[in-house]
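The listed protein sequences derive, respectively, from chains A and B.
So that you can map any letter, position 192 of the first sequence is 192 in the numbering used here, and since no number is skipped, the others follow by simple counting.
Just remember that the numbering used here sits 1000 ahead of the position in the second sequence, which is counted from 1.
I should point out that these hints are in silico values taken from the structure, not numbers from a laboratory.
Heads up, some of the hints might be wrong.
[Said to hold, decoys possible] Incomplete in silico selection of chain A near chain B, CB under 8 Å:
{"#": "1", "residue": "147"}
{"#": "2", "residue": "148"}
{"#": "3", "residue": "318"}
{"#": "4", "residue": "326"}
{"#": "5", "residue": "342"}
{"#": "6", "residue": "343"}
{"#": "7", "residue": "450"}
The C-beta atom is built at its ideal place from N, Cα and C for all residues, glycine as well.
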Amino acid sequence: MNALRRHRALTRIWASAPGWKGWFTSVNHTDLGRMFLTVAVFFFLVGGILAMLIRAQLATPRSAFMGPETYNQVFTMHGTIMMFLFAIPFFEGLAVYLLPKLLGTRDLAFPRLTAYGFWCYVFGGSMMIFALLAGIAPDSGWFMYPPLSSTIGAPGINSDFWLIGITFVEISAISAAVEITVTILRYRAPGMSLAKMPIFAWYALVTAVMILTGFPPLILGSILLELERAFGMPFFQVAQGGDALLWQHLFWMFGHPEVYIIFLPAAGAISTILPVMARTTLMGYGWVVAAAVSLAVLSFGLWVHHMFTTGIPHMGLAFFSAASTLVAVPTAVQIFAWIGTLWRGRPGLHLPMMWLLAFFATFVIGGLTGVMVAVVPFDWQAHDTYFIVAHLHYVLIGGFVFPMLAALYYWMPHFVGRKTYFKLGGVAFWLIVPGFHGTFLLLHWAGLLGMRRRIDSYGPGQGWEIINLIASVSGFVMAIGFALVLIDVIINAVTAIRGSRDPWRAGTLEWAMPTPPAAYNFASLPHVDSRDPLYADRELPVRLARGEGYLGDPARGRRETLTVDIATGAPRTIVVFPGNTALPVLMSAVTGLFFLGMLVKDYWLVPISALGVIGCALAWVWSLGRRAPEGPLDAGRGAVLPVASEVADPPGWWGSLFLLLADGTFLGSLLFGYAFLWTIAPNWPPPAYAEPGPAALALVLAGAALTAVGGRLGALAGVAAALAGTVAVGLAALAVLAQVPDPAAHAYDATVWVLVGYALLHQVVALIMMALVAARRWAGHSAVTRRGAARVARLWSDYAALVALLAAAAVGLPGVLA
Amino acid sequence: MTTLVALAGCEESLSAVHPAGPAAATIATLWWVLLAGATAIFLFVAGLLAWAWRRPPGEVAERPFVIGLGLAFPLTVLAALLAYGLVVGERLLPRGGADVVVVRAEARQWAWSFGYDDAPGRVTEDELHIPAGRPVDVALTSADVVHGFWVPRLAGKLDAVPGHVNVLRLEADAPGRYGGLGSEFNGVGYVGHRFTVIAHDATGWQAFLAGEGE
Ligand code: HEM
Ligand SMILES: [Cu+2]
Ligand SMILES: [Cu+2]
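Bound conformation, chain A alone:
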């Protein structure tokens, strides 16, 4: 079979449906990556237009352009869109597009999940856009502090759009994170050990794990605040045992890691692009990886630096101040490793390098002002002023947008398979970078002169007028620059001439394929022996196209790729991917109805659409099963490997494991919140604690044991045991709730309801999973093809059992201690 016939055969297998239908049924990561990036850019434009409205309003004193009702929506939506609907999805899109190509594989671990996440993002984002156009957008600032954002300060539907819409969008962040993690750990080219991974993959791995542990506190906070708003469960109302500061803790436990979730992918792009631009390799690969990991770990211990003015005890301030300055160390390691790389190489001044220089000039300033505000007394003055607005834009635009522009110009030849034509890009550069500094540099000073952030107008005579005028004019210059970039990209995508395959002479695998990439990425999968496979073997692309790698024979007529051992990269299994399907878009639409029902308070819609989601999920999982085992198959290059669905740890098991990491963090945040209220909130203890008594306790113990045992028994007995376990836990739950019948009475009662609900939900999930395994057996699936699914179900039943015990302990403990 020659290269062309192989290409045709593989394309037949992998291609998305033609025409508009392909948009809705594609599960291909190249398509979805492009769609993600396009939608993220759309949201950047919306956020940018809002920024221009802000700058127009503030250009002159006493502006009457917008009243406060409008202005508050505009700045809240600007921040919200930029953080949740632009920055994070842009990273997801880039990772979705690039990772399989960098790793030398054919798709992400769970192609349908990519599509599901994408559509959740689109539908959730649409809700936010609707709110904006209808003039009922959130207006309490992007961090939504209650009581201002709760019913007391915001009785309208505005806050609900934020709480429900953003939670909906976060589904896409969590699913992308699960998928990225599993892909990087298991879906690599054979031979690619962890130490030979491209540096971007390390950064993406760290970022994805941070999303899994960083987003759950926000999702929890949003759910609690929505419960307070909708049903009066008083988590944040001090009179009934809640505390406004609980929200601030939950929000910033997410919000600070979020900043690094945004920065790390950019750093990954820099570490990839900069050595190529300097015609050398990255200095201190191991150090850079260690720096990224320690940045991630440290960033979970810093959230309080956003709360230095809330009256935290002095010792706490000292600790968090020290921790906050400490993050500058791993950042410095990276910055100086990059500079060292430039010294070592022969750097040119191509456009991507220019953007990297803009990054250095801007981000270093942002980092230094960041260290300033980590010094507590200084923050007492700077907090909530334009000093912070300036600082955060130096970090976000300097540390994310500029590197992403470098990435855009670096990978554009790959996206579109054409030579780039740089002239417009250069002009845009010289508008955006000076425009940026003109917009934000002097705003630091305005902040010190007392200009508070989030004010909708200001009077003359404070020395702010000239600064704001300069900022507004420069802001418009910057906006013109961004418009030019957009035009440049569009022109390049449609008109430029076909380019060479590897225009930058880079060493990573994404350049070992024809561009624009084919649906299957690699005609055969490479065997990797070095960090820069293309430097080691310039002929690699040709040899792969000729089918000299793994899985070069499309005879089985289905989408196949390999998984490898996590550490060594030795090939382990052959994965069979699902084909094109509309199930993801359907399932996310039904998920959307679930959120819509809560938003418009048509609660009958909620259980119905929940059932719909379960139905879709079952159809989704069911289609994967096979009755009879295939046994080991030929994988090319002499390797004979089992199929992934017939081993004990199929990809779904790994996916569940990392989903449970996020789920466990959610539970951890809930327990943290509970302990926080218990110890800090003013109006505690509640009038009465629930005291479940020995009978309820025995029921929980029995229920947890039955659920865990059920996960270990054969199909039918397992379901029976899990069902009995669920009934037992359910009875215990009823006994507890009977003692705290009104969840609106006190934050304690509300917390008990949430804990009980969480435990019951997990019982039901475990039960459904075990029922699915039993159904497979019934349908005649063999023990071998059922094994993976049974192990997934066991994971969830073990977790359900653990949750039941923890929830029981948490509910009962205060009563016992009192």
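Fit chain B with the ligands to the given chain A structure using the hints.
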């Protein structure tokens, strides 16, 4: 720099860098130190970067960059900075003392009420009276949403959180009027959420406590 100073020259009733009390003065000094240090570091990094294009080609060792500049350099600078920050922070804390005056501030959308321990029952709206030259502890709380209390020329800011009482120490060097701001976003009336601090000399303060000028 000269333009910056000129810009500030107009009026600085809300300026944190034109302090009129010991706490704000300490922080303003801190700021100038931070600015000088940050400028030096920025220029140093920019120089290293530019040198990459200028230097003659040759081997470059990893250790000086990663360990020397990446680890040792920031650790030294940050340790010094942290020590300085802690000492300053310590100095700004509300500590007991014979001549400390205690006032109470309650914030609500969009106004402030102030009460005085030395004149029980006395409440002023949007005007806080204090004696000049004496430390004042402001006990802050809120009746509705989270607010912030900030008198930029006298001290840093502290939040007023419903159900909690936070204490901020401030002091005015000289009698006069000082602008105060609500400094945590609190809804449509945020811009106008302001107040004035009136610092009296000793006789003026006695007169205020005695209820004159009511
Ligand atoms: C395109 C140029 C941009 C301009 C001119 C701009 C301008 C501004 C201004 C003036 C504010 C302060 C509004 C106020 O406090 O009243 C603001 C807030 C903010 N901006 Fe931007 N911005 C830009 C891009 C971005 C980007 C790219 C991001 C993030 C990736 C971002 C994130 C934020 C956030 C989080 C806030 C805080 C919103 C809040 O206080 O609730 N901005 N922006
Ligand atoms: Cu932070
Ligand atoms: Cu604040």
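Each hint tested on the structure:
1. A hinted interface residue such as residue 147 of chain A counts as satisfied when its beta carbon comes closer than 8 Å to some beta carbon of chain B; here the least separation is about 5 Å, so the hint holds.
2. A cut of 8 Å between beta carbons decides the hint on residue 148 of chain A: the least distance to chain B is about 4 Å, and the hint holds.
3. Hint status for residue 318 of chain A: holds, given a least beta-carbon distance of 6 Å to chain B, under 8 Å.
4. The closest approach between the C-beta of residue 326 of chain A and any C-beta of chain B is roughly 7 Å, which is under the 8 Å cut-off, so the hint is satisfied.
5. The beta carbon of residue 342 of chain A comes within 4 Å of a beta carbon in chain B, closer than 8 Å, and the hint placing it at the interface holds.
6. Interface restraint check: residue 343 of chain A against chain B, minimum CB-CB distance 5 Å, threshold 8 Å, status holds.
7. About 3 Å separates the beta-carbon of residue 450 of chain A from the nearest beta-carbon of chain B, less than 8 Å, and the hint is met.
In the structure shown, no violation is registered for any of the earlier numbered hints.
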